[in-house]
Structures are given as structure tokens and as C-alpha cells.
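Enquirer: Protein chains in written order, with numbering that gives the first Met the number 0: chain A, 0 to 406; chain B, 0 to 406.
To be clear, the hints were calculated from the coordinates, so they are not data collected in a lab.
For each residue, glycine too, the CB sits at the ideal point set by N, CA and C.
One thing to keep in mind: the hints can contain errors.
Claimed, not checked - Cβ-Cβ distance ranges computed for the label pairs, FRET-style:
#1 A/Pro301 with B/Asp106: 40 to 46 Å
#2 A/Ala103 with B/Ser375: 57 to 63 Å
#3 B/Ser270 with A/Ala385: 48 to 54 Å
#4 A/Asp235 with B/Pro200: 26 to 32 Å
#5 A/Pro189 with B/Ala75: 42 to 48 Å
#6 B/Thr134 with A/Pro200: 40 to 46 Å
#7 A/Gln204 with B/Ser270: 27 to 33 Å
#8 B/Pro200 with A/Ala383: 42 to 48 Å
#9 B/Ala64 with A/Thr134: 56 to 62 Å
#10 A/Gln275 with B/Glu42: 44 to 50 Å
#11 A/Glu78 with B/Gly100: 38 to 44 Å
#12 B/Asp157 with A/His79: 27 to 33 Å
#13 A/Ala103 with B/Ser372: 57 to 63 Å
#14 B/Gln204 with A/Pro200: 18 to 24 Å
2 protein chains.
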Amino acid sequence: MTGPIAASGGPGAPSSGVAAPSSPERAPEGNAGGAENIGREQEDYIAAVADRLSSFLDGKRALLAAVSPDAVQLAAALEHLVTGGKRLRALMCYWGWRGAGGAAGADAVVTAGAALELFQAAALIHDDIIDRSDTRRGQPSVHRRFEGLHDTNNWTLDRHRFGEAAGILAGDLCLSFSEELFSSVGGLLPERAGIQVPGEPRPEQLARNVFNTMRTEVMAGQYLDILEEVAGPTRDPAGAVDRARTILRYKSAKYSMEHPLVLGGALAGGSPALLQGYAAFGLPLGEAFQLRDDVLGVFGDPETTGKPAGDDLREGKRTVLIGYTLSSATAADALFVDRRLGHPDLSSQDIDTIRAILARSGALKATEALIDSYWSSAFAALEALALPELAAQALHALAITAVRRSA
Amino acid sequence: MTGPIAASGGPGAPSSGVAAPSSPERAPEGNAGGAENIGREQEDYIAAVADRLSSFLDGKRALLAAVSPDAVQLAAALEHLVTGGKRLRALMCYWGWRGAGGAAGADAVVTAGAALELFQAAALIHDDIIDRSDTRRGQPSVHRRFEGLHDTNNWTLDRHRFGEAAGILAGDLCLSFSEELFSSVGGLLPERAGIQVPGEPRPEQLARNVFNTMRTEVMAGQYLDILEEVAGPTRDPAGAVDRARTILRYKSAKYSMEHPLVLGGALAGGSPALLQGYAAFGLPLGEAFQLRDDVLGVFGDPETTGKPAGDDLREGKRTVLIGYTLSSATAADALFVDRRLGHPDLSSQDIDTIRAILARSGALKATEALIDSYWSSAFAALEALALPELAAQALHALAITAVRRSA
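Assemble the whole structure, with the sequences as input and the hints as a guide.
Expert: Right under this line is the structure:
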């Protein structure tokens, strides 16, 4: 389950450098002035989300301190985590909102973005326990942080059990906090008397539906991901690509791109046609985004990705890339890969061999072709959307960054 | 962390037999007719909560099936869990609602009760992972269930890791479902034009505040509980009782009794004075309830509690009972207990010795005295509340069942 997680959590990726187009030619019909405006507005938004998270967590820290000074350790663990990251989901939400006519920097979309970031943080905390990851965003992962606390204080019994238990609870708390922030969004929306059509759901209800669906689908996708790790080797290799595409769609594509974008649009009272257009753009973009992540997870430069080479192979990720390999490599090559996936002690020679198999089987090429195809669909859908110029440019730039990255 | 969990999850405790007074003399100013009315109304409510849970999970099952037939396993795991239990928190919420003038069997309080039950189920799922519990409500715990699925299907890699990972995700899903249901409660409340005082928070906002506080405090309490297991032996024994009382208050007393009761009252538009009165009753009642649980966790009959004798000792629960022992036993006795707590391989002879120490140190007596004192406070607070007769009788009966139980 490194997918959406690693994609949004690589250390050394400064949040301000992610989505603002760094050169004019990256914007479709862009100009340097437009790119600057986008960059400034995004920076303001990201800063406002960070402030919102910080003041929210300050309040929680006080509540936890009132329970016991010891309980503040939970808040401290979350504060460390939410100060980093690319804010990818918050930004998708923001431009979805702006594209639907929402005002720049409005409280409602700042709070919704903060809720999405807390949800992502909660997913990361539990994901790192599930994947036994030691680090996150260049820091110890949350459960390792609690293990460290156990060490420092010379506590008794099992440090590992304590770290894991505390990590489970910290993730649960973070999930609750995300919900708490999200439930306050409706109250921050401006009154839209006259816009509201009787019998139609209100914007906050539409956004709530997206939020609910997002959570259920991403957890289902994560479950399918861990299931495929253990069940994949016993299932028909001819179905491996389809299974991997289902996982990718729910665990990552919808969650990272489509849902936050549609959610932002819904909050701003976007029309059903606009929200459908957002989905038509966001889903293939998310699919291309995750496929890029899968390729980087095997072929990425550890210097750039911040993850050990071949980490996804050791974890046994059965990605689309692997699916293509199992169905198109020679029998001997397929068997070689199938038997080695998921073994934490894979040698660097094994990893080199698997990389060579991925290349010579045509799996890498097929994956790149799929990325191109999703990319084309996404951009066609974006072109077809009648968006304000700034939002169109910003989404275009975000999309390029998501798919054409090397980390 | 067996506290609130075991208290509400012992197998063999039929939900219908929990709270309806079984004999007239149990009701304060009761009569057989009143008890019958309470029993019938509670049964109707419990059945409505079960229906609500069932139809909600049916919808989720369909959504998960649309993702993948494999994802339905997540819904199945939850369905098993939420069909059991005493519905203690839902009942507290219900009588809080009724006591504040809410209508019998109203949709809003049925949905709020279902949300509380799902929250409890989520806590149980993660708690069983943390405590490595194999069973829950007479069935395999959720993570063990997924381990079993791994066995049955002859999947590969580590069955234990898979079970735990799937259990973490199932608990997260259940936590999200709880929030989803709770967020729909406001829309089910009857319009109260005229009752609403301008500038004062609306009932759903008050209830939301309670729900948010409840989640944060119970997770903080659970964290303090696992912390005390590892840190307790390194800390001043003179503070052990105070630390245990803090854990008990947040992890159990407020969560199991005070918060659900106040939440129900808030939803029905109860006055601040009524809600304060509920808290004054619910908190000491919850404290007595959990102390009773702690005593049963060491001295309870396995036949009745459904848990192995001395299970809390093997898990290393540092309860108030243990706190009294550490601060009042002889040095040799205190050391004996301190060194053995939390060791899973405690012999039955060790357990007998610890029981004897708990008795001869006066710790058991002190704990029973504390139960009596909380019990008196709770009942004085209940007497002071001006409640409709039926609600007063029902809360009285619930309170007796909670504190005077043997399982």
C-alpha cells in the first residue's frame, strides 16, 4: 500500500514547489502572469490550510492536556505528520471549488482542505503500521515514534507492541479529527438563498456524500491491495491486470484526484454537469498519477523518491506493472517474479533481475502506454470543461506535476 | 484495555435481558406496569437500532460489492460484530433523549444510537488487535476472522500480518460508518421553530460537540491505558490510584455512560441544567460501572463473564484495584504483583496468589467502597433530576444493571 501514500509523502518534496507551474510553457494557454497568480493563490491557500490545521490541533492539544499531560503525546505525533506533504488533495479540492465559482481563500474550502489532509494523515499512520514502514516524510513513522518514546523512557514490556498500539490509536484519533473538521464545513458556507433549488440536495449534503463515498472506497481499495498481496499468487494471472486496475482506481485514483476535486466543486454549488466533468478529468488523471507512482516504486531513483530501491517489490505490491509482467512475460520470467514478490529480504541482484524482466516482457512499455492513454483522456476532459481561466490553468499544472514527476 | 469493551461485550449476555428491570422492587418508585412499559419500549428501540444498522450495512455492502466482490468481506466482518452486544450506549442515549422530552422511537435517536454502536464496534475491533484478543462476543475477533479467511483460502505470505492489517482497515471503515450515520442525525430532528433561542447552539450542534469530545476523550483514555501498562512500573506507586482513576474516567466512565446520556438529551433540546444533571449522574455511574468491571476482571467467574480467569492480570491492566494494592500492600506483596502483571504466561497459582494479595491488602475492600460512593453520588444526582417517570425508572434500572452485575 505505498501507492497514494508514497505519492503524497516522499520526503524532500517541498509543498510550495509542487503544483505551481514553474515555467510558462507548462500552462496550456498560460502566461507568466497567470502562473504567478496561480502560484500566489496556491501558496496563500496552503498557508491557510496549515494555519487551520495548526489552530485545530492546538485546541485538541489543550483538550488532551486537560485529560492528562501524557495524552499530549498523541497530539504531538499528529502535529509532526501534518506539517509536511504536498497538500495534493487539498489543492484538488481548492481548484474544484474555484472552478465552480467559489471565492478565493474562503473559510469553507480551507477547512475542507484541512479535513482532507487529516484524513490522509490518518491513512498514512495506519498504512505505515500495515506496511511496517519505519519512516514517513523523512521522519520516523508514527508507530516508530512511539517505540522511540518507549526506548527513551525505559518503559517495560514490549516496545514494538506499544508502538503499534499507540499508532493505531493515533490514527483513529486523526480520523475522528478529520471528520470533526469536515462536519464544520457546512456552517462556513455562505447562504445561497435563491441558488438553492427546492428538492435538490444542498451543497454541503452533496459534499458529505462525496466524503462518505471517498472514505468507504479508499478503505475498500486498501483492503483489496493487502488481499492481492496474499491472494494474488493463488489467483489467475490473466486477471492480474484487471485486479490491479480496480485496486488502483479505488485506493488511489478516485481518492487522490477525483473525489477531492468533485468535493470542492460540490461545496461551491457546482452543477451536476460540472461535477461529472470533474470526475471525467479526475479519475483518469488519478489513474495516470498512480501508475506513475508504481513505475517510480520499482524504477525510481532512491535519491529522488526518498524510498529504498525496489521497495514496492519487497512489499509485494501487485501493481498493473506486475500484472502485465505476469501475463506477458515468459513462463520462467513470470515465475521468477511471482515467487520473489513480497519477500522483505530481496537482494539488490533480485531487484535488478526483476527490473530487467519488467522491461523485456513489455510490461513497462504497456504501463507507460496506459499512462499516456489516461493522460490523454484526462486532458480531453479538462479541455471540455468550461472553467474560469485561472482554475483551468491551475488544474492543468497540477495534472502535469502529478504525472510527469520523478519523485 | 478490556474495560469498557469487555463490560459491553461479554458473550452470553442477551441484549434484551440487560436493562429492563426484572422485578418491580428494582424500580425506585416503580410498579410492575412501569417496568413492563420500559421493557417494551426498550425492546422496540433496540430492535429499531438493529434494523437501522442492518439497513445501513446493506447499503454499504452494495457499495463495497460494486468496488469488488472481495471487498464485501469487510461488510461481513462488521455485520457479525454489530448484531451482538448489550446496546448499553444506545440505551443511555435513548433515555437521555426521552428524559428531555424526545418522542418514543424517533428516527433521530434510533440513528444516533446506531452511530454509537458502530463507534463501539470500531473501538472493539482495534482494541482486540491491541490486546491480541482471539474472541469477541463468543465469535472470533475481527482480525482473527481475517486470519481464518487466509487459512481457508490457502493464501500466501503471513496470515497474522494479513489478519491484523485487515482488522485495522475494518475498524477504520467502521469508525467512518459511525460518523456517517451520526452526521445524518441532524436532518432527522423535527423542526423546533420557536424553541430555538437565537445565539444559542442548535441541538444537533450541541450533540455534535458531545460526540466529538467523546471520541477524543475515549481515544486519549485508551492511550493512557496502554501507556500505564508499560510506564506504570517505572512510575511512583503512590500515584497509581490517581492515574488509574483518570484512565477509568476517560476511557470508560464518560464514554459509556455520561456522553451517550448527555448526547441524547442534547438532541432532544434538553436545557443546560438538565444536561448538567445528566453528567452529574452519568459520570459517577460510569465510574462505578467500570470499577465493577475491574473487580470482575480479576475475581469474576469465567462461567459468567465469558473471559478466562484473571485475564486482566495477564494483560497487565493497571486498574484502581491494582493501584490500591501497590500503595497499600506490604512491600513484598506489592513487588509480587508489580512484577507479574502483564505477563501472558501467568500461572493459575500466580493468579490465586495475586487475588489473595488484593484481598488482604484491603485493595478489594477499598474498591468496593469506592463503587458504593460513586453509586451514591449517581443516585443522588438521578433523584435530583426532574425527569418524566418512565425515563427516571429506566435510568434507575439501567444503573442497577450496570453496577450490580456479575458478568
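Enquirer: Tell me, which hint numbers fail for this structure?
Expert: Those not satisfied are hints 1, 4, 9.
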